[in-house]
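Novice: What follows is each chain in one-letter form.
Number of protein chains: 2
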Amino acid sequence: MDPAATQPPSRPADPASLPGLEAGTRVRIVEVGARDGLQIEREILPPASKIALIRGLADAGLRCIEATSFVSPRWVPQLADAEEVLRAVADLGERGVELPVLVPNERGLERALAAGARSIEVFTSATESFAMRNWNRDLAGVLAMAAPVAAAARADGLPVRGYLSMCWGDPWEGPTEPARVAGIAAELLAMGCDSVSLGDTIGVATAGGVHRLLGAVTDAGIGLEQVGLHFHDTYGQAVSNVQAGLLAGVRTFDSSAGGMGGCPYAESATGNLATEDLVWFLEGVGIDTGVDLPALARVSAEMAGQLGRPAPSAVARALAPHGSTVR
Amino acid sequence: MDPAATQPPSRPADPASLPGLEAGTRVRIVEVGARDGLQIEREILPPASKIALIRGLADAGLRCIEATSFVSPRWVPQLADAEEVLRAVADLGERGVELPVLVPNERGLERALAAGARSIEVFTSATESFAMRNWNRDLAGVLAMAAPVAAAARADGLPVRGYLSMCWGDPWEGPTEPARVAGIAAELLAMGCDSVSLGDTIGVATAGGVHRLLGAVTDAGIGLEQVGLHFHDTYGQAVSNVQAGLLAGVRTFDSSAGGMGGCPYAESATGNLATEDLVWFLEGVGIDTGVDLPALARVSAEMAGQLGRPAPSAVARALAPHGSTVR
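Quick note, the sequences are listed as chains Z and W, same order. The numbering of the first sequence is the UniProt record's numbering, which starts it at 1 and goes up by one. The numbering of the second sequence is the UniProt record's numbering, which starts it at 1 and goes up by one.
Just so you know, the hints here were simulated from the structure itself, not pulled from any lab data. Just so you know, not all the hints are guaranteed correct.
[What the hints assert, rightly or not] Facing chain W, from chain Z, some residues (calculated, C-beta under 8 Å):
1) S10
2) A13
3) D14
4) A88
5) V239
[As the list claims (entries may be wrong)] With the Cβ distance kept under 10 Å, some of the chain Z side facing chain W (calculated, not the full set):
6) P9
7) P12
8) A16
9) S17
10) M145
11) G169
12) P171
13) P178
14) A179
15) A238
16) L278
17) W280
18) F281
19) D288
[To be verified] Label pairs and their in silico Cβ distance ranges:
20) W:S10 with Z:G223: 12 to 22 Å
21) Z:P73 with W:E177: 50 to 60 Å
22) Z:E43 with W:P46: 39 to 49 Å
For every residue, glycine included, the Cβ atom is placed at its ideal position computed from N, Cα and C.
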């Protein structure tokens with residue numbers, strides 16, 4: 001058999017739109033591998049690795065790359081180099097790449113602004129249990145911590161995004177009430193966020209639940225242009241959930257190169273939706289993402305090599321060079 | 001942290017239907033692991049392993065289990081024990097489990113009927129290239145081989161299913177023309193098949209392409225109640241493609257326990273859609289499958305152990321016992 005013929009295609013060969021999807025639909029991908037993906041890694045990577053990762057992602061065509069987090073290094077030692085990393089990629093910002101950074105509190109915002117941050121994220125929870133376990137305070141306390149950050153960044157004219165974790169369920173409380181998620185999302189927007197990212201932190205969402213939550217969000221008066229979706233692939237549903245979100249009208253999706261990252265609270269959970277798998281889906285339904293998939297798969301393979309394990313992305317595996325050690 | 005709380009849920013906790021999906025929708029799952037999944041394995045499993053697999057699948061609630069293939073043992077040595085396996089699970093047939101078997105030609109049909117087969121499958125291709133490589137004859141020749149099998153089985157009152165491979169693309173010809181697939185599907189129905197299974201053998205379908213092909217099938221006068229879909233997860237799109245098929249009106253989906261199987265013509269391709277991931281999706285959108293997911297995941301883990309590698313199913317991994325060697 002001709003080996004060349006058995007090489008899998010490197011992008012969907014024959015795109016076809018979905019019923020109900022407008023021609024010319026644009027989607028924004030928020031690449032979260034360098035922050036959300038790396039932060040759970042125990043082995044501390046050198047700043048040069050993170051800088052190379054962010055540059056590689058930008059070179060592969062990604063235009064919104066979460067760069068780092070200005071949390072206390074005591075909480076997340078992996079990202080203690082936030083200033084160094086952000087400064088080293090500042091030129092990408094000048095080339096039109098948005099580089100949001102996560103900021104937990106006012107001290108973090110000072111550090112972020114001093115390091116040149118031009119896009120801010122705050123992080124909250126849809127459940128009391130996760131709030132207590134992640135921040136050791138109740139949800140009101142978490143929101144009170146985020147509010148001055150959002151207000152100050154907004155006053156500085158910076159875009160501010162509010163992350164909401166555990167939007168479909170959490171490991172302690174089970175399913176999350178959609179109206180509750182919508183209410184907290186509305187609070188985030190009221191305190192100064194421009195947009196919210198609804199996170200399925202443990203990967204329990206399925207397509208019907210995506211429609212249901214987005215219905216509750218719309219009922220709360222939130223426009224879907226302010227909403228992003230952040231799925232985990234724990235149960236293999238992430239791409240299907242993106243389809244549901246896209247059909248419901250969402251145009252922003254978070255993903256992580258190679259599927260890096262996971263949920264520290266669900267031991268066997270696999271990671272974030274892989275950017276490669278998301279791009280494959282979007283290109284397949286005729287949405288031009290501007291992402292060079294083989295280039296992105298190389299970036300993921302390089303990082304997987306550094307982390308010592310294969311990237312969980314199906315597309316990254318399919319596109320890996322034959323004989324690669326990270327297949 | 002309470003370890004019990006971090007155990008992932010074993011089924012979707014909070015089902016929600018999809019817009020446009022009728023209440024009470026039923027779906028038929030055709031479990032293909034014991035035939036389609038195993039046939040590419042080089043190491044020959046003993047009949048007892050296959051019998052235990054089929055029994056385990058039935059005990060987990062699957063009601064249509066592809067049991068074996070009556071191809072020549074020279075072509076597929078793995079399934080040389082077809083008679084023994086089928087006879088050993090015949091009691092399941094009496095308990096309402098359908099046990100289709102693949103039959104390539106009239107000699108195979110004689111063997112299948114002598115062994116007690118009550119449900120027959122014939123296998124064809126949507127492309128000339130795959131026909132030539134898999135059967136060393138052109139597509140007309142492949143259809144001519146299947147036709148007397150379908151007619152004879154139909155005359156005996158047995159259900160006959162026609163498999164069509166490479167329906168969205170093949171490694172040599174690229175994308176497959178939807179009208180061509182629909183035309184061959186119509187030929188299969190005309191020759192005596194009750195239903196057809198449209199296979200994405202190399203996993204290149206995306207959701208829009210599923211709608212497009214089903215549109216062509218409908219345009220050819222084929223009712224979707226006669227159509228099943230058979231996806232591979234090479235690019236992580238299989239569950240999303242099921243969603244598209246379900247929304248378009250298809251009610252039969254093929255899948256393989258643990259995602260066993262693959263395509264021998266695409267070296268880095270991952271396997272069939274995992275039954276666990278399919279069931280998770282269906283239960284998530286409120287469709288009762290009757291499948292006991294933890295029981296199914298145990299069956300897949302047992303087989304993965306015998307095959308010496310982890311099951312590619314996300315759900316199977318998530319549900320694997322902690323410390324399991326096949327995670």
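Novice: Now tell me, hint by hint, if it's right for this structure.
Specialist: Checked hints:
For S10 (chain Z), the suggested interface contact is broken, since its CB lies about 10 Å from the closest CB of chain W, more than 8 Å. Annotation: A13 (chain Z) was flagged as interfacial toward chain W, and the flag holds, the nearest CB pair being 5 Å apart, inside 8 Å. Annotation: D14 (chain Z) was flagged as interfacial toward chain W, and the flag holds, the nearest CB pair being 4 Å apart, inside 8 Å. A hinted interface residue such as A88 (chain Z) counts as satisfied when its beta carbon comes closer than 8 Å to some beta carbon of chain W; here the least separation is about 32 Å, so the hint is violated.
With 8 Å as the threshold, the beta carbon of V239 (chain Z) comes within range of chain W, its nearest partner Cβ sitting at about 4 Å, so the hint holds. About 6 Å separates the beta-carbon of P9 (chain Z) from the nearest beta-carbon of chain W, less than 10 Å, and the hint is met. With a cut of 10 Å, the hint placing P12 (chain Z) at the interface with chain W holds, because the nearest CB-to-CB distance is about 5 Å. At about 3 Å, the closest approach between the beta carbon of A16 (chain Z) and any beta carbon in chain W falls short of 10 Å, and the interface hint on this residue holds.
Proximity of S17 (chain Z) to chain W holds as hinted, the smallest CB-CB distance being about 5 Å (cut-off 10 Å). Of the supplied interface hints, the one on M145 (chain Z) is violated, with its beta-carbon coming no nearer than about 22 Å to a beta-carbon of chain W, more than 10 Å. Nearest Cβ of chain W to the Cβ of G169 (chain Z): about 6 Å, under the 10 Å cut. The hint holds. Below 10 Å, beta-carbon pairs count as interface contacts, and P171 (chain Z) has one with chain W at about 5 Å; its hint therefore holds.
Look at P178 (chain Z): its Cβ gets to within about 9 Å of chain W, closer than 10 Å, so that hint holds up. Checking A179 (chain Z) against chain W by beta carbon gives a least distance of about 13 Å; that is not within 10 Å, so the hint is violated. With a least beta-carbon distance of about 8 Å to chain W, the hint placing A238 (chain Z) at the interface is held under the 10 Å criterion. The restraint placing L278 (chain Z) at the interface with chain W holds, with a minimum CB-CB distance near 9 Å, inside the 10 Å limit.
Given hint, W280 (chain Z) at the interface with chain W, holds; its Cβ is 5 Å from that chain's nearest Cβ, closer than 10 Å. Of the supplied interface hints, the one on F281 (chain Z) holds, with its beta-carbon coming within about 6 Å of a beta-carbon of chain W, less than 10 Å. Residue-level restraint check for D288 (chain Z) is violated (minimum Cβ-Cβ distance to chain W is 14 Å; threshold 10 Å). Between S10 (chain W) and G223 (chain Z) the beta carbon distance is about 37 Å. The supplied range of 12 to 22 Å is therefore violated.
Between P73 (chain Z) and E177 (chain W), the C-beta spacing of about 58 Å keeps the proposed range 50 to 60 Å intact. Checked against the hint of 39 to 49 Å, the pair E43 (chain Z) and P46 (chain W) passes, with Cβ atoms roughly 43 Å apart.
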